[in-house]
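There are 2 protein chains.
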Amino acid sequence: MLIVQKFGGSSVADAAKIERVAGIIADTYNAGNEVVVVLSAQGDTTDDLIDKAHEINANPSKRELDMLLSVGEQISVALMAMQLEKMRIPAVSLAGWQIGMSTNSTYGGARIKKISTERMRRELDKNRVVLVAGFQGVNKYDDVTTLGRGGSDTTAVAIAATLHADKCQIYTDVEGVYTADPRKVPNARKLDAITYDEMLELASLGSQVLHNRSVEMAKRYNVDLEVLSSYVRKPGTKVKEVVRKVEQMIISGIAKDTKVARVTVVGVPDEPGVAFKVFSALSKGKINVDIILQSAGLGGTNDISFTVALDDVARTREILEERMDAIGFDHVNIDEKVAKVSIVGAGMMNNSGVAVRMFEALQGKRINIQMISSSEIKLSVVIAEDQADQAVTAIHDQFFQD
Amino acid sequence: MLIVQKFGGSSVADAAKIERVAGIIADTYNAGNEVVVVLSAQGDTTDDLIDKAHEINANPSKRELDMLLSVGEQISVALMAMQLEKMRIPAVSLAGWQIGMSTNSTYGGARIKKISTERMRRELDKNRVVLVAGFQGVNKYDDVTTLGRGGSDTTAVAIAATLHADKCQIYTDVEGVYTADPRKVPNARKLDAITYDEMLELASLGSQVLHNRSVEMAKRYNVDLEVLSSYVRKPGTKVKEVVRKVEQMIISGIAKDTKVARVTVVGVPDEPGVAFKVFSALSKGKINVDIILQSAGLGGTNDISFTVALDDVARTREILEERMDAIGFDHVNIDEKVAKVSIVGAGMMNNSGVAVRMFEALQGKRINIQMISSSEIKLSVVIAEDQADQAVTAIHDQFFQD
Chain A
9 MLIVQKFGGS SVADAAKIER VAGIIADTYN AGNEVVVVLS AQGDTTDDLI
59 DKAHEINANP SKRELDMLLS VGEQISVALM AMQLEKMRIP AVSLAGWQIG
109 MSTNSTYGGA RIKKISTERM RRELDKNRVV LVAGFQGVNK YDDVTTLGRG
159 GSDTTAVAIA ATLHADKCQI YTDVEGVYTA DPRKVPNARK LDAITYDEML
209 ELASLGSQVL HNRSVEMAKR YNVDLEVLSS YVRKPGTKVK EVVRKVEQMI
259 ISGIAKDTKV ARVTVVGVPD EPGVAFKVFS ALSKGKINVD IILQSAGLGG
309 TNDISFTVAL DDVARTREIL EERMDAIGFD HVNIDEKVAK VSIVGAGMMN
359 NSGVAVRMFE ALQGKRINIQ MISSSEIKLS VVIAEDQADQ AVTAIHDQFF
409 QD
Chain B
9 MLIVQKFGGS SVADAAKIER VAGIIADTYN AGNEVVVVLS AQGDTTDDLI
59 DKAHEINANP SKRELDMLLS VGEQISVALM AMQLEKMRIP AVSLAGWQIG
109 MSTNSTYGGA RIKKISTERM RRELDKNRVV LVAGFQGVNK YDDVTTLGRG
159 GSDTTAVAIA ATLHADKCQI YTDVEGVYTA DPRKVPNARK LDAITYDEML
209 ELASLGSQVL HNRSVEMAKR YNVDLEVLSS YVRKPGTKVK EVVRKVEQMI
259 ISGIAKDTKV ARVTVVGVPD EPGVAFKVFS ALSKGKINVD IILQSAGLGG
309 TNDISFTVAL DDVARTREIL EERMDAIGFD HVNIDEKVAK VSIVGAGMMN
359 NSGVAVRMFE ALQGKRINIQ MISSSEIKLS VVIAEDQADQ AVTAIHDQFF
409 QD
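Same order as they appear, the protein sequences are chains A and B. Using the numbering used here, the letters of the first sequence correspond one by one to residues 9 to 410. Using the numbering used here, the letters of the second sequence correspond one by one to residues 9 to 410.
Check each hint, because a few of them may be wrong.
If several chains are the same, the list does not tell them apart, and a pair holds so long as it fits within one copy or across any two.
Unchecked claim - Calculated cross-link-like contacts (lysine-lysine; reagent style DSS-like; alpha-carbon spacing at most 27 Å):
(1) Lys246 to Lys198
(2) Lys70 to Lys134
(3) Lys60 to Lys94
(4) Lys25 to Lys70
Keep in mind the hints are simulated off the structure, nothing from the lab.
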């Protein structure tokens, strides 16, 4: 089998951890598999490099920042090659440009365009473990680019898709995907499997296990993906197209996102096109708006509420207040002390009682629901931030109690 | 003018030093010049990376070590680009592979084969300062190589030769080339100019200012070379083909090398071919032999003495003792407490009195000469190590006293 394995920065943070990870790689190789390994930068390397840059220039060009940051993954793969050599496992480290990882030119958040299989195939044919620096590529000018957040996951999935790998294993510091955050919800259980779509909803809802881009790519190319632990040798969570629910679970997980704010545009005129004006202004400003709620007010005016990421709050206020007269609203009200709690599950599609059970759980704890949004496999509510953990536990008990 | 500037690792060791060096680059650029800058890795970066490697594998493959070490220079050029950006000087950082720095495959000590001018020329045409990572290249397999000691000097000279630069400036932490080590000899004076050949002799004699490979390349391509200070803005020492000695100096400098040992093979048979056997064995073992002295002994045997680098002593002893019976000598005697003191100067060629004046200076201090070797522009003596500093000062006074 051809197996792509990805290990994150904390899994290769020091010599001892590199040795442990090398053990996993060696076992996979010695079992007769072809192995491509994607590594992130060690521990705090990327942050340290960013600090170095900011000491010199508070606002360096993204082109040069990518040139700088890409060294982190190069260090990881070279060190891992040395560790494997010591264990008499033939290995070769390769940077993004060496495997022909072509991207567009969006420095800091580049998109993969093409990966050349030639070099990796040649090394695999020599029975070598191929160690690839994650997170990085090269654009048409031969300049180094980085892929942005979750870049190494994306590198791994893209390589698995390109090489038609039999498996793509993402090793992390958790044992897999859980029904809820196991640090917060004691009864949270690990899922054996989850669908790409469920994983996508969970990822975008603040679950940090896998980045959305990698899951989207896995779905598109039908990559056999598994999330598992670098520390404990046991099966993790499979991410795939269709999951047969042996346990008849209706939902797969509960996620909490506290990095949101609720914005209310108060007193907009009750006339056609007003919502369009508000949201097209935000869209031009590259602000992603999530849940939207429009409520009728008194005296011919409405309120429009929506959620945005906390990081976008200042910019959102600025954009709206610039257009206050043009749109004709009264004022903007922003609440940063809210949280979005969501349940995700492919089983929801055919089960209309799910929403009721969620609301019931919240009502039991006297938690007020400010906004509601639903998709085919997701149901989100916005509530007060200080009630979020309580809400997750209550919902989890409602759905997963034996 | 097209000017190539090279700054060593201590000159870019931290943010403050990067800023100072950027000032030199900016002034050169703002004066209307095209500027290519070659940088070494910051301060202790290379040593830190080697430590990281050795923590994992005491004997890593050179291929992987080069992959690891090459990041040091990449960090330097990216940071310098950010500093120049802040000063509104357009700049672009480039790694070895990006400028088409082709080398052979001798990892850790690669030789430059060819440099593509295309990328650098394109960036210069855009009025950008081109920042090149020194010390590194790429072989025909697209693998990263490093050039070994003095690699960044060599990178700078090779680029100057390839781009037909008007000047190649090597910035260091000294103000130029001195007649002797200024830390040891108070009267040492800076030379305005020195010939390539003199510089070569001085470099190979342990003077750390410029590495031999870079000087050899400068001589071959007639590169206008200058050694000057990163810290003091004044002219340094020009290195060129012919130097007109305005001061009529017979010698240009005095160098001391304490990293040598004197090896004596005692009691070799007085018959033809014995010296050949000794030195061909050492040559096969890649041992460089320097000064050779053969002395007639009693009873039909001779002694053969020579100097080797201290690092080669163990291997030399091993090679000789393996062949003890085949060659038929008595025993090997090694003295590590010796030093080689040399005077260098193109003026020696036509001046037979130079040797006499050197010996006179040594005799005046009762320093015993163990071995002597001379070339057209160099005269070396081997003496006891603890007398070396005294010898340098005495010789310096002899030749440079006003």
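So, going through the hints one by one against the coordinates:
{"no.": "1", "hint": "Lys246 to Lys198", "result": "within (11 Å within a copy, 71 Å between copies)"}
{"no.": "2", "hint": "Lys70 to Lys134", "result": "between (37 Å within a copy, 19 Å between copies)"}
{"no.": "3", "hint": "Lys60 to Lys94", "result": "between (32 Å within a copy, 14 Å between copies)"}
{"no.": "4", "hint": "Lys25 to Lys70", "result": "between (31 Å within a copy, 23 Å between copies)"}
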